[in-house]
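**Student:** Chains as they are written, first to last, in the numbering used here: chain P, 1 to 254; chain X, 1 to 217; chain D, 1 to 219.
Since the hints were made in silico from the structure, they are not lab data. All C-beta atoms in this analysis are idealised placements derived from N, C-alpha and C, irrespective of residue type, glycine included. Just so you know, not all the hints are guaranteed correct.
As the list claims (entries may be wrong) - Derived DSSO-like pairs (lysine-lysine); straight-line CA-CA distance at most 30 Å:
id, chain 1, residue 1, chain 2, residue 2
1, P, Lys169, P, Lys21
2, D, Lys89, P, Lys117
3, P, Lys193, D, Lys118
4, P, Lys224, D, Lys118
5, P, Lys81, D, Lys118
6, P, Lys224, P, Lys8
7, P, Lys117, P, Lys81
8, P, Lys123, D, Lys118
9, P, Lys119, D, Lys118
10, D, Lys118, P, Lys8
11, P, Lys81, P, Lys123
12, P, Lys117, P, Lys169
13, D, Lys118, P, Lys169
14, D, Lys118, X, Lys208
15, P, Lys21, D, Lys179
16, P, Lys169, P, Lys224
To be verified - If you want the footprint, here are the derived chain X segments under chain D, 3+ residues with CB under 8 Å:
id, segment
17, 25-35
18, 54-67
19, 104-112
20, 136-148
21, 161-175
22, 187-196
Okay, here's what each chain looks like letter by letter:
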Amino acid sequence: MQPLLQIKALTKRFGALDVLKGVDLDVHQGQVVSVIGSSGSGKTTLLRCVNLLEEFDGGDILIDGEAIGYRTEGQRRRRLKDRDLSRQRAMTGMVFQSFNLFPHLTALGNVALGLIKVKGMAKAEARALAADWLGRVGLAGHAAHYPSQLSGGQQQRVAIARALAMNPKLVLLDEITSALDPELVQEVLQTVKLIAGEGATLLIVTHEMRFARDVSHSVVFMEKGRIAEAGPPSEIFNNPRSPRLIEFLRSSRD
Amino acid sequence: MDYFLHELWISRFALAEGFLRTIEISALSITLGTLAGLLIGIALTYGRLPLRLVSRAYVDIIRGTPVLVLVLACFYMPSVFRVSLEALTAGVLALTLFCAAHMAEILRGALAAIPPGQTEAARSIGLTFPKILAYVLLPQALRAILPTWINTGAELVKASTLVSIIGVGELLLKTQEIVGRNFLTLDFYLVAGLLYLIVNYSIERLGKTIERRVTQP
Amino acid sequence: MGYTLHFGVVWASFDRLLSGLALGLGLGLAAVAIGAVIGLAAGFASVGPSPFWRRAAGLYVTVFRNLPILVIVLVVYFGLPQWGIRLDKVESFVASLAVYAGAYLTEVFRAGLLAVPKGVIEAGRAIGLTRLQTNAYVVAPIMVRNALPALGTTFISLFKDSSIAAVIAIPELTFEARKINVESFRVIETWTVVSLLYVSTCLSIAALLRALERRFPKF
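Only chain P is shown next, with the shape it has when bound in the complex:
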């Protein structure tokens, strides 16, 4: 079966710095894949390339077999037009480290905006669906609250609802608990486990090793812009092979 997400030989430079040096990764429908690695290994950049928030220099990203971000004219790659990029972005949902809720909209408004403006839903329908999603992330009572009236954990759960309500094929989670106070981390991780259990396809960048072990079908260890090791969580965490992964796991245990 064709993988939902195919990343082929992806390269990305920031000036003189090679951030991604040829990354290959497949994610199948319904799979949960976690990307781990030290900061600066390129894992966040990888996610941002998949969401087309970053341009990339070489390689291809395909979702459901459709190459995203670029088209090839003869020998030349050309970035797609804004409208096409937006349509392709809507195939993936993204949850950010710093929540990035729209501060001028209520929790409900945050979830409904994309439904109305991107999906073209009628307002009443969109609001009903948004309310439904807020209920699923445990925030039914907070629909009318503005982001500034919510805790970090609640904001992040609204952000998850906002991403999922768009019914994306793939959800990207970028260190979604790193900006949270420790006591708020669990509620957000519980929410992610819930949606993973419902069969969502997730690509997760995380520092929470226990969470990655619990929730993932597959774990990818990135090191200096490359995938250094990949496999099922039992293999990665119990039988790490490369010395760098062993060292990384030891340093992140405490």
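Let chain P serve as the given structure and place chains X and D on it in line with the hints.
**Tutor:** For chains X and D alone, kept in the frame of chain P given last:
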């Protein structure tokens, strides 16, 4: 075009005279206004209650009144008391009042932004209040308001056009006189506009340069 | 001194002063509304991708911030007919005040735009909004909220600047005051009352704006 250049050449002395008068009025009122404004600003921040109230009323009334009304009031009001102010004096007075109110408010803001710990520390080493003001508070506040102060200069140059209404022969009035003679209305107003633009743009650049210096500690 | 205050004449013409005040408020409101449209467009242009429009916006701000309003008013009312552009008094004054206000509001909106967090813009793009939609539904509302206090201050200052309309004989407050001044020679009374009318209006608007600001959610 030739006609315009010819007229421009004829008018060169009138324009120069008006231009210098504009600069003179602006410079005079910013100098006097700044001095008065600093005193009022200190009164506004540290004065006893009655003094604070009086200076607050002054600042609010002047800042709430259009400059044109100040100009007209300064021109007409003294005549009632058998004091006749020359138009130039009345104009400078109005702009000075305006400048002083703004400077007072700006200084108050800057003084209020200095952490109270500064005063406490200065007091603890035995400085009296006037000395604290002179050596600790004012140097910081003045440094902070420098860029704003320079922009006030540009505001005054702009406001100085309003004294043309009471017949002070500054740049705009001179321009109007020239226009009344040759009917090159647009051309000469644009010349005047260009002159104002040059002066104020220079002031703006100066302000930006100084702001960069000031913000670098 | 021998001058006794007589407010009677001024009170007799108080309705004229009030209608002048209303006209001044109207002029200020019209100017801030049009100026805000100009300022929004130029503000977006000033942080936009096109170097040409960035330059153009910068030039506009530099020119109109540094010109005296009275000069703009005289150019528009007396000068532009030379190029065949004829506006009536009120139109030409509102136009002058609006382009002047637009220059200030461009700076206000520009600062408001730069204060919108980059992550929030990315979040808009991430759910599939186009660049234009992101600007309209995410960036603009946040920016306008950021700019609200400055918008209010601009309106107050434009209301005061509406006094300059007296120069081209628009019957607003200052114009009426001059007329009463000339008719009655109650100089002190007239200018005191007029000044207090301006001051109390400015203070009321400021208070109103503070109340309005509190009603809108802070981010």
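**Student:** Which of the numbered hints are not met once you compare them with the structure shown?
**Tutor:** 2, 15, 17, 19 and 20
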